Amino acid sequence: MNEYLTNFLNSETLRYFSDALPWVNSFMCLAWLAHFYTKALKFNPNGVKALERKITSRLKQLFFPIQNWRFQDYQRLQPSEPPCLPEFLVGLFAKKRYRNSILCDLAESFDRDLSAGMSARRAKRRYWAAALNSIGPQALAAVKRLGVWSLLIEAARRITE
Amino acid sequence: MARVDDLTLIEQATMLAIMRQHPSAYGVSIRDEIKQRTGKDYSFGSIYAVLERLEDRGFIKSREGAATAVRGGRKKLYFAVTGTGQLALRASLAAVEAMREGVDLEGASA
Chain B
1 MNEYLTNFLN
11 SETLRYFSDA
21 LPWVNSFMCL
31 AWLAHFYTKA
41 LKFNPNGVKA
51 LERKITSRLK
61 QLFFPIQNWR
71 FQDYQRLQPS
81 EPPCLPEFLV
91 GLFAKKRYRN
101 SILCDLAESF
111 DRDLSAGMSA
121 RRAKRRYWAA
131 ALNSIGPQAL
141 AAVKRLGVWS
151 LLIEAARRIT
161 E
Chain W
1 MARVDDLTLI
11 EQATMLAIMR
21 QHPSAYGVSI
31 RDEIKQRTGK
41 DYSFGSIYAV
51 LERLEDRGFI
61 KSREGAATAV
71 RGGRKKLYFA
81 VTGTGQLALR
91 ASLAAVEAMR
101 EGVDLEGASA
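Going line by line, the protein sequences match chains B and W. Okay, so the first sequence: first residue is 1 according to this note's numbering, each after it adds one. Okay, so the second sequence: first residue is 1 according to this note's numbering, each after it adds one.
In isolation and in its complexed conformation, chain W is listed as follows (with noise of 0.2 Å):
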């Protein structure tokens, strides 16, 4: 079986948001995507810290994209997730799936 490299649960939510918002997928969309879609509502402190432990490990990357007149003439940072990180997150969502098959959540009637 290919090593399983671990990845949080707030690492996952944000290389799937990477992969939804692709090819601008910044800071603000991340963070907008993953309210949307999990409601729960991060920093920029802590999405940032999560993108640089991701950079890091080599799942995803960075580019600088042009200047706009909404962030003052500044450039964003666009994310992009690698190859090696599609790997990484299939195999971490196929170990969660693996250890939810077969259990049954019947929730608050349990």
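Bound conformation, chain B alone (with noise of 0.2 Å):
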């Protein structure tokens, strides 16, 4: 018998059901819940309904700014930063005295375009543009300063620094 019991215990079947109890006992809650609404609309219909419209202008106040909520909305409430890659492109071939200069002067570009009412979006679009753009003539002025293999080498020990 306590053999039996012990395998009943640990059998699948059991486990099963007792994964499914919390959906159970929801369900059953609801159940109550609706079988008790329509007794309650059956002995005093107005006053169920009038409870009805106490709850719900009460959930609208509560729910009013997640059902006016907009995803631009948020978005436009988040302290933007600049993309944080094209920052590190700039910053891999820029003469060591200008990097700090050069970055922060993207940055003020994009501040200034959020500034101007532009979305996020686009001003970091603009700022990966502006970036990329830089990272040419700043390539090719490390060439002619360091050569090929030094900046190379310098770009190899920025990155593992």
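Calculated directly from the structure, the hints in this document are not laboratory data. Quick caveat, the model's predicted, so the values are computed rather than measured. Hints may contain errors.
[Unchecked claim] Cβ-Cβ distance ranges computed for the label pairs, FRET-style:
| hint | chain 1 | residue 1 | chain 2 | residue 2 | range |
| --- | --- | --- | --- | --- | --- |
| 1 | W | G39 | B | L152 | 31 to 41 Å |
| 2 | W | L87 | B | L146 | 28 to 38 Å |
| 3 | B | V143 | W | A67 | 26 to 36 Å |
| 4 | B | I153 | W | A67 | 29 to 39 Å |
Cβ atoms here follow ideal geometry from the backbone N, Cα and C, with glycine treated the same way.
Both chains are given apart, each in its own frame, so use the hints to dock them into the complex.
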């Protein structure tokens, strides 16, 4: 008998039912609420309707900000930072003395775009374009300054530092 | 005749923009000045490559300014044209003027 009970407690069937128990509970609660609602509606229809209206208006008040929530508003509320990948790429080839200055100028341009009412997405696209346009001349200047091999070694050093 | 240090168009424009913006010429203001006056929109990479070249040749000098809140507390790098730079610029512009003298530019009607 003891062995039988142990096997039953470890069985997959019991596990299946125990997993389903919260769902059965929820379903029974909903069924009970529906039953109670039907009874209350029969007993005092006007009172139930008035209560419904009260609850609905209260819920509307509570969820009003969510009801009128738009993704654009959310984006506008988020503090926008310039994307970091183009920053890294520009910083890779810029001369050490000018690196911080170039990145700051790009960031200032980005902030100016945002202050002008541009969306964060468009400002980021413009930042990407400005950064990619800056990489070419800086890389060329670096090649002239260091030579190709030295430039590659310098880039590798900056990545690893 | 004094030796004319060759300056390209963008180098001339950059030096003139620095002189116009003196004493607060930095990357953004230089680029804006060039864009406003010539309509050419250079990237910051191009501007700084030119500035690097000019500074190496001793035509301009740079100094770090105070940190500003607009730039997240980071310092601006201000540029100024040196005496040598002004001489080179004057010579370069004079060379262009000398070449232009007596030439009638008729534009589209030519």
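Hints versus structure:
W:G39 and B:L152 have their C-beta atoms about 37 Å apart, which keeps the hinted 31 to 41 Å range intact. Checked against the hint of 28 to 38 Å, the pair W:L87 and B:L146 passes, with Cβ atoms roughly 30 Å apart. Restraint check, B:V143 to W:A67: a C-beta distance of roughly 32 Å satisfies the suggested window 26 to 36 Å. Range check, B:I153 to W:A67: Cβ separation about 32 Å, and the 29 to 39 Å hint holds.
The structure fails none of the hints (numbered hints given earlier).
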